[in-house]
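*Asks:* Each chain, letter by letter, is given below.
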Amino acid sequence: MSALDFSFVDWDIFSKFVLKGMLFSVELTIVATLGGIVFGTLLALMRLSGNKVLELPAVVYVNGMRSIPLVMVILWFFLLIPFLIGRSIGAELSATITFVAFEAAYFSEIMRAGIQSIPRGQTMAGQALGMSYAQNMRLIVLPQAFRNMIPVLLTQTIILFQDTSLVYAIGAYDMLKGFVTGGKIYGRVEEMYILAALVYFVICFGLSALVRRLQARIAIIR
Amino acid sequence: MTLDWQVFLQDDGGGRTYLEWMFDAWGWTLSVAGSAWVVAMVSGCLMGILRTLPPDTRLNVWLARFANAWVELFRNIPVLVQIFLWYFVLPKIFPAMQQVPGFVLVVLGLGFFTSSRVAEMLRAGIQAMPRGQRYAAMAMGFTTWQTYRYVLLPIAFRTIWPPLTSESMNLLKNSSVAFAVSIAELTMYAMQVQEETSRGIEVYLAVTALYTVSAFAVNRVMALVERRMQVPGLVVAGNVGGGH
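Going down the list, the sequences are from chains A and B. Residue 237 is where the first sequence ends in the working numbering, and the numbering goes up by one at each step. Residue 408 is where the second sequence ends in the working numbering, and the numbering goes up by one at each step.
Just so you know, the hints here were simulated from the structure itself, not pulled from any lab data. Be aware that one or more of the hints could be misleading.
Where chain B lies over chain A, by a calculated footprint (3+ residues, C-beta under 8 angstroms) [as the list claims (entries may be wrong)]:
1) 89-96
2) 136-147
3) 202-208
4) 217-231
Beta carbons: idealized from backbone N, C-alpha and C, even for Gly.
Make the full structure from the sequences, and use the hints.
*Replies:* Written out as structure tokens, the structure is:
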């Protein structure tokens with residue numbers, strides 16, 4: 016065993032370096048989850064519309080996104096956004112846009128499965144009551160689909176939170192970067208990697224324990 | 165915007181063209197992902213089995229606890245952080261590990277990260293089987309090892325093959341995090357050549373195409389295996405999951 020030394024760790028390091036990154040990681044997770052659910056639901060509805068003109072772009076988009084590594088997607092957006100709008104927008108904003116676009120593809124697959132899990136009879140009953148497509152979706156299908164999908168959605172959110180560390184590729188200031196920056200100043204990066212792993216572990220383990228409890232409750236109700 | 169594909173014919177300053185370098189990088193991506201796949205399958209299946217051992221001896225109980233802890237440990241830390249731990253932290257704690265090549269450390273990192281997902285799938289696959297299967301095997305006088313070898317695993321593997329297929333594709337995509345510790349794989353290549361040549365779009369397009377082709381190839385190979393080991397009349401349930 017050789018020199019690991021945690022004596023330099025104090026609250027100051029946390030508040031000066033880590034906190035800012037942690038807030039960004041959390042913000043990125045929340046924005047990408049909400050944005051991903053909204054756009055993902057739209058993509059799922061396009062795929063299930065039965066209209067080829069709507070279906071095809073959604074299929075291409077979802078399968079395209081899902082076959083590329085997230086790191087490459089992050090790099091792509093970071094390269095393309097300044098190219099398209101003519102000015103640089105910063106790594107953090109670029110990462111946020113990337114994650115919403117990327118997660119939409121994953122959430123759309125979850126939503127599609129959720130919508131398909133609702134028996135046809137529900138839609139038909141809605142139609143028999145004279146509901147329009149929009150009413151049927153909004154009042155009958157989506158509320159049930161969301162409920163069925165909540166555990167999977169939350170699990171995806173945990174994975175998403177872990178994946179926010181990949182913004183390392185474009186140098187955005189997230190939680191991992193916060194730990195590394197603090198560690199570099201004290202020349203103790205290895206110790207900070209361990210602390211980072213610990214903090215990620217506690218957050219993700221806690222959240223997945225919550226999801227398991229929720230899952231048990233939902234399973235009883237159904 | 166005009167694309168200039170000639171960039172791939174330029175010399176990279178070391179006597180090879182960017183095209184040749186790209187195929188080298190592709191080779192690295194495939195070997196990192198392939199080796200990590202072997203590590204993930206071996207350790208993941210072992211852990212998945214241990215988690216479902218019947219709790220009739222103390223040893224079994226402890227083995228199951230160990231495997232559960234293994235899964236939680238490797239599942240709840242981001243893969244990039246795990247790579248850093250393997251590459252920077254472990255060699256510092258254990259100086260003997262400084263002799264181990266970076267490639268091996270990254271393969272272990274990626275492999276064990278993926279093993280937690282494999283173990284989770286296999287556990288679910290085994291537990292999804294009717295309990296009577298295990299009891300029938302016991303009634304036949306099978307040992308625990310024989311029960312797994314001849315009764316539980318053959319069915320469980322067929323059940324988990326579809327999610328295992330997407331996990332294998334995830335592993336291939338996750339191998340891109342090796343860029344962070346200077347393994348000369350595709351993502352690293354993309355970042356570096358983008359900087360050297362400023363032809364980012366051409367380079368990214370080519371690298372993206374290679375990733376897509378590789379992921380598709382993995383998918384086809386797994387589908388082929390799935391067809392080959394199909395048991396007529398045996399319906400296995402599909403599985404919806406997240407993950408990247």
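*Asks:* For each hint, tell me whether it holds in the structure or not.
*Replies:* Outcome of the hint check:
1. For the region 89-96 of chain A, the proposed coverage by chain B is satisfied: 4 residues have a C-beta within less than 8 angstroms of a C-beta in that chain, meeting the threshold of three.
2. With 0 residues having a Cβ less than 8 angstroms from any Cβ of chain B, the region 136-147 of chain A misses the three-residue criterion, and the hint is violated.
3. Interface restraint, the region 202-208 of chain A with chain B: holds (3 residues with C-beta to C-beta distance below 8 angstroms; minimum three).
4. Chain B is given as covering the region 217-231 of chain A, and this holds because 3 residues of the stretch bring a CB closer than 8 angstroms to a CB of that chain, at least three being needed.
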